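S.K.: Single-letter residue listing:
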Amino acid sequence: MDRIANAFARARAANRAAFVAYLCAGDPDFDTSLAACRALLQNGTDILELGVPFSDPLADGLTNQLAAQRALAGGMTSARVFELVRRLRAEFPEAPIVFYTYYNLVFSNGVAAYVRAAHEAGVDGMLTLDLPPEEAGEVEAACTTYGVKTVFIVAPTTPDARLPKIADAATGFIYYVSREGVTGVRAEVAGGIGEAVARIKAHTALPVVVGFGLSTRAHVAAVAAHADGVVVGSALVNVIRDHLAYRVAIAPRLAVVAADLAAGAVKMG
Amino acid sequence: MPATADTSAPLDRFSLPDAGGHFGPYGGVFVPETLMTALEELGAAYKAAKKDPGFQAELRHHLKEFAGRPTELYFAERLTQHCGGAKIYLKREDLLHTGAHKINNALGQALLARRMGKQRVIAETGAGQHGVATAAVCAKFGFECVIYMGAVDMERQALNVFRMRLMGAEVRGVEAGQKTLKEAINEAMRDWVTNVRGTHYILGSALGAHPYPMMVRDFHRVIGAETKEQLRAREGRLPDEIVACVGGGSNAMGIFFEFLEEPGVRLVGVEAGGRSITRGDHAARFEGGKLGVLQGCKTYILQNDDGQIELTHSVSAGLDYAAIGPEHALYRDRQRITYAYACDDEVLESFQLCSRLEGIIPALESTHALVHGLKRAKAMRPDQILVINLSGRGDKDVNQVAKMLGVTLG
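Residue numbers (our numbering), protein chains in the order written: chain G, 25 to 293; chain C, 1076 to 1485.
Bound-form chain G, shown alone (with noise of 0.2 Å):
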């Protein structure tokens, strides 16, 4: 079963660009997180990107960094972060959930042996933040073995000649970077995305997903007309962090905002 595909699939069907959720697992306590998944899942949500806290995250902004310190502060391990994945998985079987991570998690215990312990929790594919394609030979193997995705991201600095490579490695989708930078609410969308999809879409059939710095519905309107999939992260990551006093409000919240997020995401005309 191709969880992602289908998520793709049946989003196009509604004439629908696929709402792409980010959360940090555990984030700020492992029930919370797993009601706070919970509410995103149930509220328009058609994948689920699960980041995996690390004590390192250099590409993420501050939101994020603070995101996966209360996680660990909370107690999340790997084999937590698996544990709320099996969760998901029993209550969400059609639901696809994306690991969002860095590479050392994947690589200190064995690459192999990771990959496929997220399989047999339930993952269905990943995005390592730190790994490009010239290094990922053993990642893609390994998520070849247990039936993952891969996902690899392109930058507005990617150059056409990277593009062939990039599109080779990923199975799942690609991931444009709206902006140079780290992740994090910003007022604007940038400009330029329907030529970036293009683009990446002249290199591969895959689905191309677009996110870093959206935050309004009006943002995901805006990048639903170019992409097969929208992103928001911090901005659902920031109605936890408001919510830090008062942890049982997090989940209702967010279901609100990610409804309204998720409407957003209907292709006009």
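You may find that some hints are simply not true.
Unchecked claim - Partial list, derived from the structure: chain C residues whose beta carbon lies under 8 Å from chain G: (1) G1095; (2) T1109; (3) L1369.
Read the hints as simulated data drawn from the structure, not as lab findings.
These numbers were taken from a predicted model, which means no experiment stands behind them.
The beta carbon of each residue, even a glycine, is placed where N, CA and C say it ideally should be.
For chain G, the structure is supplied; the task is to place chain C on it using the hints.
M.R.: Chain C in isolation, oriented as in the chain G frame:
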């Protein structure tokens, strides 16, 4: 058991790293996609500059006139008498402008940045020596300069923060994590990802993604080349042993490189043993680390069972880092370079000893090499020669040492 290199064939030091930046199983390029093209451009620019006699001549000119090369190879007579063994020579990188070997690399990369048309330079710093060197070359060449420094390091190296600001650099404190060198590198990389088109990142050690470990090593090779020539002129032979401290490992690779293929010269890198070799209390990657990937390269890293990076500790901010340069990992596998460590209390003792006997106040980082070097000298014969790389001066450390000795200043 981590992967180890094939040890059957001798290494050709000039063949490393490979085109992808690998030193055997170590090194490589592990960065977000946004930086891949910048690193490729940097690699190409460096390759061209390396072959360009004009670039090399200009670098030599600035190394002489601005930095003060060559540095002396100084016979430490009283330390030699004190130890009663091998003749001890100190390679006086501490005499360089801005106080440490770091200026060699900062000058090289600044010339490269200018050649690439970059207007803005960023750097990380731990002890502040690389930050000061970068601030100085940015002032000299007219670059906008931003230095990232952990908040804890800013406190223990307040003098260097002020020096950087005097030279026009903006020093940005980093409050994340344990607020030392590793977090400063994370923040510098985030800046670079954001401003990559107009900014050059002057990474300060033989670390990170390719081409940095190779390029930084090359800019420091002058240390070993001078040492070889100076010792030949003075003693008519090679040294028996060379000792250097290893944080990322740039001063060590710089002095070792020239001797890698001289089997009679023993090479020893000295890591920071901190309070003791207990998790979180040290920065000796070869004592408690395992293979991993951090901040651009694959190497030995202090980490927990899950792959989260461990806290580190050292009395010296410049050695207080969880990863070691990838080239060191390879030469350790090949048993060409051996590694030892020195603990904080020994460092404090040798810091005072060198000051009192030689009238030279060493940087706390370089004092790690002294600690081990003095032990080795005692075990060696008087007809043997030991070179210690005195990579930096200790002026920056006197406040901290005074505090540790319970002395109140002014």
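S.K.: Each hint should be assessed against the structure and marked as holding or not.
M.R.: Against the structure, the hints:
| no. | hint | verdict |
| --- | --- | --- |
| 1 | G1095 | 6 Å, holds |
| 2 | T1109 | 4 Å, holds |
| 3 | L1369 | 6 Å, holds |
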